[in-house]
Amino acid sequence: MTDILISLYPWTKALHIMAVIAWMAGIFYLPRLFVYHAEESEPGDSRDEIFQTMEMKLLRVIMNPAMITTWVVGLALVFTPGIVDWGAAWPYVKGAGIIGMTWFHMWLAARRKDFVRGDNALTGRRYRMMNELPTFLMVVIVLAVVVRF
Numbered sequence: 001m002t003d004i005l006i007s008l009y010p011w012t013k014a015l016h017i018m019a020v021i022a023w024m025a026g027i028f029y030l031p032r033l034f035v036y037h038a039e040e041s042e043p044g045d046s047r048d049e050i051f052q053t054m055e056m057k058l059l060r061v062i063m064n065p066a067m068i069t070t071w072v073v074g075l076a077l078v079f080t081p082g083i084v085d086w087g088a089a090w091p092y093v094k095g096a097g098i099i100g101m102t103w104f105h106m107w108l109a110a111r112r113k114d115f116v117r118g119d120n121a122l123t124g125r126r127y128r129m130m131n132e133l134p135t136f137l138m139v140v141i142v143l144a145v146v147v148r149f
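Just so we're aligned: 13 in the numbering used here is position 13 of the sequence shown, and the numbers increase by one with no gaps anywhere.
Incorrect hints may appear among the rest.
Unchecked claim - Derived DSBU-like pairs (lysine-lysine); straight-line CA-CA distance at most 30 Å:
hint, residue 1, residue 2
1, K13, K113
2, K94, K113
3, K57, K113
4, K94, K57
5, K57, K13
Claimed, not checked - Simulated restraints, written as ranges between beta carbons of each label pair:
hint, residue 1, residue 2, range
6, K13, V61, 21 to 27 Å
7, F149, D119, 39 to 45 Å
8, M1, P65, 38 to 44 Å
9, M129, W11, 34 to 40 Å
10, E39, M138, 49 to 55 Å
11, F149, I99, 17 to 23 Å
12, W107, K57, 23 to 29 Å
13, D119, I4, 44 to 50 Å
14, M106, L77, 20 to 26 Å
15, W107, A14, 26 to 32 Å
16, W103, L77, 19 to 25 Å
17, T53, W103, 23 to 29 Å
Because the hints were derived from the structure by calculation, they are not lab data. Values in this document were obtained by computation on a predicted structure and should not be read as measured data. For every residue, glycine included, the Cβ atom is placed at its ideal position computed from N, Cα and C.
My request is simple: use the sequences and hints to build the entire structure.
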């Protein structure tokens with residue numbers, strides 16, 4: 001099994017990078033949609049329906065598959081011999097960042113359900129502020145992987 005992981009490493013790494021890019025694009029865009037949804041529509045109006053459709057498709061068609069692929073392929077990279085130095089701090093820092101990013105993804109999914117029920121309680125400003133969290137997590141994850149402290 002390890003021989004297969006080693007021989008597929010460049011392909012696994014490439015797929016991981018593509019999945020992360022797709023996931024991050026959605027992670028950055030969905031809160032922006034929420035900003036406009038909260039500020040420019042009322043529950044039940046035509047814009048509300050359009051925003052709900054956009055948010056649902058972004059989450060289900062792009063973000064969820066990208067997150068799952070990121071996790072599955074990322075775990076394949078973790079199990080590839082010689083890739084992770086478990087004696088260093090970086091894999092643990094990266095892991096914490098990924099758990100944080102996954103939490104944020106789930107938080108966004110819960111906020112989408114709030115809009116569906118007509119129960120959104122957050123303002124556009126709050127969504128703008130929350131959109132800073134994935135930027136911070138991305139910086140931590142990238143520095144952990146590239147600098148390998």
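The hints, checked one at a time:
1. Distance hint between K13 and K113 is unfulfilled; the C-alpha atoms sit about 33 Å from each other, more than 30 Å.
2. A C-alpha spacing of about 29 Å is found between K94 and K113, which places the hinted pair at or below 30 Å, so the restraint holds.
3. About 13 Å separates the Cα atoms of K57 and K113, which keeps this hinted pair within 30 Å; it holds.
4. Of the pairs offered as hints, the one joining K94 and K57 holds, with about 28 Å between alpha carbons and a cut-off of 30 Å not exceeded.
5. For the given pair, K57 sits about 27 Å from K13 by alpha-carbon distance, which is consistent with the 30 Å threshold.
6. At roughly 24 Å, the beta carbons of K13 and V61 sit within the given window of 21 to 27 Å.
7. As the Cβ distance of F149 to D119 is approximately 43 Å, the hint placing it in 39 to 45 Å holds.
8. Take M1 and P65: their Cβ atoms lie about 25 Å apart, and the range 38 to 44 Å is violated.
9. Between M129 and W11 the beta carbon distance is about 39 Å. The supplied range of 34 to 40 Å therefore holds.
10. In this structure, E39 and M138 break the distance hint of 49 to 55 Å, their C-beta atoms being roughly 25 Å apart.
11. Evaluation of the 17 to 23 Å hint for F149 and I99 yields a pass: the beta carbon distance comes to about 19 Å.
12. At roughly 19 Å, the beta-carbon separation of W107 and K57 lies outside the given 23 to 29 Å, and the hint is violated.
13. Against the hinted window of 44 to 50 Å, the Cβ-Cβ separation of D119 and I4 comes to about 48 Å, which satisfies the hint.
14. Distance hint check: the CB atoms of M106 and L77 are about 23 Å apart, consistent with the given range 20 to 26 Å.
15. For the hinted restraint 26 to 32 Å between W107 and A14, the CB-CB distance of approximately 29 Å keeps it satisfied.
16. Distance hint check: the CB atoms of W103 and L77 are about 21 Å apart, consistent with the given range 19 to 25 Å.
17. The given range of 23 to 29 Å is respected by T53 and W103, whose C-beta atoms sit roughly 25 Å from each other.
Checked against the numbered hints given earlier, the structure breaks hints 1, 8, 10, 12 and satisfies all the rest.
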